[in-house]
Amino acid sequence: MTTSDTAVHTQPFQAEVSELLHLMVHSVYSETDIFLRELVSNASDACDKLRYEAIASPALLGEGDALKIRITPNKTANTLVIADNGIGMERQELIDHLGTIARSGTKAFVSKLKEAKDGLGLIGQFGVGFYSAFMVAEKIVVISRRAGESDVWTWTSSGGSGFEIARASDEEAARVTRGTEIVLHLRDDARKYLEAFEIERIVHAYSDNILFPIELVPEEGEPRQINSASALWQRSKSELTGEDYKKAYQQIASAFDDPAMTLHYRAEGRYSYAVLLFAPSAKPFDLFEPNRKGRVKLYVRRVFITDDADLLPGYLRFIRGVVDSEDLPLNISREMLQNNPQLAQIRKAVATRVVSELESLADKDPDNFAKIWDGFGAVLKEGIYEDFERREKLLALSRFTTTSGEKRSLKQVIADFKPNQTEIYYLVGDSIERLKSNPRLEAATARGIEVLLLSDPVDAFWTSMPQEFEGKPLKSLSQGDLNLDLIPRVDEADDAKKDEPAADEAATVAVIKAALGERVSDVKASTRLTSSASCLVADSQGPSRELERILSQQNRGLRTKPILEINLRHPLVTAITKAQAGSKTVDDLSLLLLEQAQILDGELPEDPAAFATRLNRLVLQGLGG
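Quick note on numbering: our numbering labels position 297 of the sequence shown as 297, and the sequence is numbered without any gaps.
No lab work stands behind these hints, which were simulated from the structure alone. These figures come from a predicted structure and were not determined experimentally. Don't be surprised by glycine CBs; every beta carbon is placed ideally from N, CA and C. Just so you know, not all the hints are guaranteed correct.
[Said to hold, decoys possible] Within a straight-line C-alpha distance of at most 25 Å, the following computed DSS-like cross-link-like pairs (lysine-lysine) qualify:
(1) Lys436 / Lys348
(2) Lys407 / Lys475
(3) Lys407 / Lys513
(4) Lys293 / Lys348
(5) Lys139 / Lys192
(6) Lys192 / Lys283
(7) Lys584 / Lys475
(8) Lys411 / Lys393
(9) Lys75 / Lys49
(10) Lys237 / Lys192
(11) Lys283 / Lys246
(12) Lys584 / Lys561
(13) Lys247 / Lys371
(14) Lys348 / Lys237
(15) Lys418 / Lys475
(16) Lys283 / Lys293
(17) Lys475 / Lys524
(18) Lys371 / Lys246
(19) Lys407 / Lys371
(20) Lys475 / Lys411
(21) Lys192 / Lys246
(22) Lys68 / Lys192
(23) Lys561 / Lys524
(24) Lys247 / Lys293
(25) Lys418 / Lys407
(26) Lys407 / Lys247
(27) Lys472 / Lys393
(28) Lys283 / Lys371
(29) Lys348 / Lys393
(30) Lys364 / Lys393
[To be verified] Pairwise CB distance ranges (calculated):
(31) Glu406 / Glu195: 31 to 39 Å
(32) Gly448 / Asp481: 31 to 39 Å
(33) Ser404 / Met465: 21 to 29 Å
(34) Pro58 / Ser169: 26 to 34 Å
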């Protein structure tokens, strides 16, 4: 043993270290609780390494205690101790592992940490996670004995000036028979971490599924294990029961309902990861938060990292559960996670698997799928708008209220097509009741055509894009031209109505256009109406009226002028042609056609008082007043 091995060795930090520590404390970590996760994770790694090395050298484990982690708060000394009986470190390993910042404390390292788009190669080192403890500690003492070695060493630092390496005292050596003991001398503002309930809360949140027991050693009383030490998602499906999954769901999701769907599998290959996901049967309160945040937790080797890694697309944000990667390094930056290529592949594969599982559930267990659709159908339909790759699958999963029934699939709608029907028809509005009485349905109803009645706000968005299912285009009844002439009417008597007298199209359209002026973009004879006098439609090239209404409520766009369609066989329309052109009656009747169409769409006339006056005048005129 050399003199340098036995003497106290002091190594100063370079000037850039203070900047790096500032980045660690103020930029990389957002919550000080993370320090305990990092130290427990390091302790777990040390136990894992010893277990691995003991395969070749069983003597390293000896006959001592089983591998475990101990947390000991001491309010009198104001210290928090995190100890493990894992692999431990010899003198040079203490310098190498805990000297990461000293060894890499250069301008280049700081620059890379600031600028790296993917900093995983920089942050998976023991030293970086370890130094998070300086968020809560003014001084750190590390005592360690390498498995199979007799020497015990201490590493001491207050963070700012550097660190010291020295041989441990007899008392310290007697206390650490194998492994590592980290003593945190806490700052005054971090004394809460000496409370047993606070320690338990953090361990339960971040490290509950560490596979080694984590014991809390209170100042009074016996040590007790505070983690479950069992990652259920890492166990085989054959070992688990429905009750096991239910309890896991309720713990992971902090829920009280039963899961409507459970997905548990392990992916092997280029990347290895375990997946345990659940679809709730009850709607979470935060489902429609503006940030559309997911609630799937990311673990790395059974260590909780974050529940904010966007592991599933926004339209699957109702899914709860865990993805546990074997390949990702423990991360300290959520931003870095977003750009990691491994995680991108995991996201894609897991989302595809969830959609496939929903398809299987819809086929094999319609009742449970119905629970999911009732709670989250409006959310799933966001994917039709956002996810081109899975659009066809999401359309197949979708269930609709139609003019023929509820929870109808598009496959069922196509199976019930009428002769010569080539399109799937739909109507978008703000309520099913109003849609059922919408005059735009009349031509389709006369032919027995099933129409999708879409009343969720998201329906106005996904239908704004050209859609088709199994080669059948989806066609709006409230936008663009409509021609149903090739589809026979259900009642032959209705066909005879085509021969009834109708107002002259050119003359009537011209008169109404003149009366309405700039209030509409056009006036057309309608092929949609059979009994109502008028309706409003949107141009085929622009947004639908429902989408315009939603956007205007959010001040996100100006409303365009609608097209007024008129039923040339309706008495109100024929009355216009009989009245004297330019008369007050023509103006009143034309405006009435527009305003009643607005009311049927759930809108108020532009001038309600003028509408009431006009209506009263027409009523009195009809009564001979």
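Using the C-beta atoms of Ser404 and Met465, is the stated range 21 to 29 Å upheld?
-> Given a distance of about 25 Å, which is inside 21 to 29 Å, the answer is holds.
Outcome of range test on Cβ distance (Glu406, Glu195; 31 to 39 Å) | violated (53 Å)
Pairwise hint evaluation, Lys371 against Lys247, where the allowed Cα distance is 25 Å at most = Since the Cα atoms of Lys247 and Lys371 sit roughly 19 Å apart, the hinted pair holds (cutoff 25 Å).
Is it true that the CA of Lys436 sits at most 25 Å from the CA of Lys348?
-> Status violated; Cα separation ~39 Å.
When you check the alpha-carbon spacing of Lys237 and Lys192, does it fall within 25 Å?
-> Measuring from Cα to Cα gives roughly 40 Å; hence the hint is violated.
Would the pair Lys407 and Lys513 pass a check requiring their Cα atoms to be no farther apart than 25 Å?
-> violated (42 Å)
Starting from Lys192, check that the Cα of Lys283 is at most 25 Å away, please.
-> Answer violated: Lys192 to Lys283 is near 35 Å, above 25 Å.
Restraint check for Lys418 with Lys407, where alpha carbons must lie at most 25 Å apart = holds (20 Å)
Assess, step by step, whether the Cα of Lys75 is no farther than 25 Å from the Cα of Lys49, and give holds or violated.
-> Violated - the C-alpha atoms of Lys49 and Lys75 are around 32 Å apart, more than 25 Å.
Going straight from one Cα to the other, do Lys475 and Lys524 come out at no more than 25 Å?
-> With a Cα-Cα distance of about 19 Å, the restraint between Lys475 and Lys524 holds, given a limit of 25 Å.
Take a quick look at whether Lys561 and Lys524 sit within 25 Å of each other, Cα to Cα.
-> holds (14 Å)
Taken at face value, is the distance from the CA of Lys246 to the CA of Lys283 at most 25 Å?
-> The hint holds at about 16 Å.
Consistency note: the structure conflicts with the earlier hints numbered 1, 3, 6, 7, 9, 10, 21, 26, 31, 32.
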